[in-house]
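In order, the protein sequence lines correspond to chains A, B and C. If you use this note's numbering, the first sequence corresponds to residues 1 to 156, in order. If you use this note's numbering, the second sequence corresponds to residues 1 to 752, in order. If you use this note's numbering, the third sequence corresponds to residues 1 to 435, in order.
What the hints contain is simulated information worked out from the structure, not anything from laboratory work. The reader is advised that the hints may include incorrect statements.
[Said to hold, decoys possible] SDA-like cross-link-like pairs, simulated, lysine to any residue; straight-line CA separation at most 25 Å:
hint, chain 1, residue 1, chain 2, residue 2
1, C, 68, A, 153
2, B, 747, C, 150
3, C, 47, B, 733
4, B, 747, C, 137
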Amino acid sequence: MVTLTVNGRQHQTDAETDTPLLYVLRDELGLNGAKFGCGLGQCGACTVNVDGRAIYSCLTPIVALEGKEITTLEGLGTVDKPHPLQRAFMDEQAAQCGYCIAGMIMRANALLQNQPGASEAVIRAHMQPNLCRCGTHMRILRAVRRAALAMKEAAR
Amino acid sequence: MNAPHRLHAFSRRELLASGGALIVSFSLTPALAQDAPSPPPAPAEAKPPQLPGSLSKAPFLDSWIKIDADGGVTVVTGKAELGQGIKTALIQVAAEELDVDVRSVKIITADTAKTPNEMYTAGSHSMQDSGVAIRHASAQVREILIGLAAQRLSLPAERLTASQGAVIADDGRSVAFGQLVTGDVLHVQAQPTSKLKDPAKHAIVGKPVARIDIPAKVTGGAAYVQDLRLPNMVHGRMVRPPSYGARLRSVDTAGVEHMPGVLKVVRDGNVLAVIAEREYTAIKAMRALAEAAAWDETPNALPDPASIYSYLQKLPAQDYVILNRGSASAGAKTLQATYHRPYQMHASIGPSCAVALFEANALTVWTHSQGVFPLRKALAEMLRMPPEQVRCVQVEGSGCYGHNAADDAGADAAYLAHAFPGRPVRVQWMREDEHSFEPYGPAMSTSAKASLDNSGSIVDWEFHVWSNTHSTRPGAAGDLLVANYLGSPFTPPPPKPIPQPEGGGDRNAIPIYKLPNARVVHHFIPEMPIRVSALRGLGAYMNIFSLESFMDELAAVSGIDPVEFRLKHIEDSRAREVIALASERFGWLRGGRKHPPGRGQGFAFARYKNLAAYAALAVEVDVERETGRIELRRIVAAVDSGEAVSPDGIRNQIEGGILQSASWTLYEQVGFDRSRITARDWSRYPILRFAAVPQSLEVFIIDRPGQPFLGTGEASQGPTSAALANAVADAAGVRLRDLPLTRERLKAAMAS
Amino acid sequence: MRAGRIVLGLLVILILCGGAFFFWASWPEIAAIQPPAKTSFDPAAVKRGGELVAIGNCITCHTRSDGKPLAGGRALTTPFGRIYATNITPDPDTGIGRWSQEAFDRAMRRGVDRRGEHLYPAFPYDHFTQLSENDLKAIYAYLMTREPVQALMPANELPFPLNLRVTVAAWKLLFLRTGTYRSDPVHDVEWNHGAYLANSLAHCGACHTPRNFLAAEERGDAFGGGSAEGWYAPALNAASPAPVPWTKDSLYTYLRHGFEAQHGSPTGPMREVVASLAQVPESDVRAIATYVASLAPPNPDRQRRAEALLRKLGQPETVGAALPAPPNAGAAIFAGACAVCHSPTRSSGSAEGINLALSSAVNGPDPRNAIRVIIGGIHQADTEPGPLMPDFGGAFTDAQIADLLNYVRTRFAGQPTWPDLLDHIRRIRQGQDNS
């Protein structure tokens, strides 16, 4: 049995130790944020945060995650109480199909948690591992910039 | 048939062997789409007047608008949400005509059990088909409700209006919609005309309305078919052949069958699949099964990639003269150019997925297919079931950009569910399979030739396009991948060209410009060595790339500014406006610009299908001589979509289309060798990432309230590609005519 | 008194020697010229110069990540501190626009700039000294026809006394052997061309040869393995750690296409080298491959072991055996994170993930490359097809990476685990060991 701490709650799973986190999150915990995009660590659709860092949940086996803090999109906020990133993505209408967006938000969160007022150049470089096929890049960057400012304000 | 199956390639031998004539339809009136847009020919006298949009397919009002006893409004559409925001746009249209709060309206999308059959959500037709139907249906429902209220209140209808979900009289009395809707009052056939709201009074259409699907998508709500979790659901994975034409010789399934958690291994002809309780078990079992399988592979099943264009052009083709105006005419200068475009992928970010349940002789499939009704027909044929026993429900997937593997995933799930009745089976395609087996946008070649007189006017024009079909969408079981592999397989039906004025490979092959003498020939190539179908824009991407690159080449030879040159040859005032707006907002300096070295600007324009939305684009790039790197700096676009229901939706689609087209144009080509597709994942088929995104991208919309909706979703693919090629030519002094415009090609061209 | 005279005598000698040294160590300024017109250069020379510059991979060191090509500014981390590459665009004020051919040749052959200042041997003139006169002309022609860029360099970050360029003169006295390449009559034309390119422009030994404590290459152990910016540059001679010995064909494929099925793809600074070589005439790359392959003489034992390994890898593992429950954390991490691309029995996953039994990094004596690739991944510099490996730095702790590498080393290399592995991992994570 492996014990995982997801969004502040402990969860025990009897999934095999080499099971990538993605499948436990989606199939056992019913969480929709992290998505299957490639299973190869090439697209970032599965991105979640572990101890504040962005990781590919499609390629991180649960055996490596005991004792670590896992945060998914659901752990950031809700429709009624959105996290600044979620708020920003809604305000900028930063989605077309939206499939990549959860990964984008978690990727951005790993940056903005540590560097709340990160610059445009830093944001762009940081988001590089995440793919968007619909071409929503401009809005995604606007949303992340917007959240960056909001989080910088909040940090004061 | 015992012959080894090509992977969905339709060989000439099979074509001839299938006997019977090819059914082809092509326009008998070639002049239709070229000059000013003309209305379709009037129907014969005896027929009743046509109902607007898709009302002609489903004339009852309550097929489109439902109102419950609480007054809750539900819009019903046969179209699908693909991420283009159509759900929100249709709700806006209905809410406007019904005068209800837009946030209170619900919507049901394509479902063979519940919605009208609007065929495919494709071709940027949703607003023209469904939007128009819903607008008229809503207006007519409103009038019926007003009529009913008039009776109830004993007042003439002129004294009543609809507002906030009720009918209000000018004396202050009101009756809520919910109280008026009893029995079958809305089960009436639509009228050909409606009392539509005055566009000047629009409060919802044309105004910013937040998309209804975004909140769930940014907070982890269920939004996609991938999020469906049904009770007792199991997981299936398909094992696909290692190469084109491979046949399954043998497979030792015993080891996999005994893996804990594996429920069933399925083998039928070349179909090999596994079903397990847990998803990761299914994945591991799939890999083990692939290792345990032995395939007979066909050497050289695929053509040599180095000569793919000449290979395709040598295949038998049907030649359609889609434009023949005037007569061949000589001019002062003649120019000729050939262009090429490789196979390109949809490459949806979320690989295709479907869930199916077969129970009590009935099959339900939840799928992100663009056409649930045609899919139902194909599934029924494949499983030899009556279509009434099959229900297909569209649930949103990730962006598909045309006919991707969604239908195939639906067929896989249906097939496995049929083999494993009683429990819902979820099939998730792997990334490698999505890349390798989805139907691509076809490789195409074009050749353009034109003559100019001394004043720089085009006096003669000839254009040829060679292409496979751009649609192998199901309707037939033979269009489903799994059906091709069965022990008793279904073969794909012979491909047919899509007739003008829509066109397939010849979409937008007819120039919109004013050309006194012009000939356009579509060489339709039925044989498909590699599986192909509809990719956003279809032939328009390549044809506009070719035409608009060629227009620039002609402009250069004439010594005329590219924007001027286009205006010189176009009369359509809406086209002129869009060209002027884009060039003005971009700061296009006519007659020469002084750039820093390596910088260039390019322009392009197109009207999608010559009858949908207008789009003009200007692009600024930097080219690095040492490396051939192209950097996107600035892009400005102007769009005319007729009446803009959701201006932000239009902007979003155009921005997205521009960046997607930039990715296709700069980077994308499907790699293959003599036996298999080598572009199996993002490492071998890289696409645009954040580092390559331009510094600025602006879209300006010309809104025309009251004008017909013009399909917009695919309008920017073509112009973007040509604007880029033109900008690169300006920056680097070399003209690239082979897509994609890779760094290597540019560097080589600059060096020579 | 006598002792005093001896001391005085020694002092005088010392001063005279010191004076002689300083006299020897100082070079005159070569007069600045008007920047030559681009049209004054033969286009054929410019073209060849471009190819030579690609072989020399000048652009990688002389370009900052966000800067214009060849305009300098990139920091090179050496064991002694940071050195910034110069602007070699033909800008008259901040670049080499006013350098004559003579000044350029002197810099390339002797490591002295136009003004007479010594250049740090981070600029590998100890290799470029072997260049022929014609090639130097071509390189000069190419550089002088580039876009001039105004860009100033940050000051080098070196401790005293190394920040005094005269110390370089002492280094040169000890270690610099000037002189053009001399053909070896025992070998054919192609080999000699490859030897010439590899030892001069491509300066392979600068990374692949170990260095002494004064940072000079150990001539007695040429191509015996070295370091570059924290990455291990494997031995190319008989000590090569590649499980399947390189041939001239496999080396050509690797250098030209950035991937070879029995060796994988380059990591670290070698990625940029290979990216550069993709644009160089085929014959040049083949020559280099021929030469470098010859550095490891044929070894029948090695060959036999390689053949046995390839045979073993060609067979699929039996189905049951392929899926045991992972016995330990390292095995489970491998199964869940790595197997999808590196699986011994691959039927899916990224095409460039080689079986790790073939990997030099896994089989070699130095774990740094394997560590760095796990932590940082392999990214595509341009949007072009090529290896793409995700970074696992955020997913695993140092101990987990150690578990994983111990498992990989045991299972795929069949060798004892690397000593001090955890320590290596920690140092790399903390940004140490970057030279």
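Now for the hints, and whether the structure bears them out:
1. C:68 with A:153: violated (35 Å)
2. B:747 with C:150: Given that 25 Å is the threshold and the Cα spacing comes to 24 Å, the pair holds.
3. C:47 with B:733: holds (18 Å)
4. B:747 with C:137: holds (23 Å)
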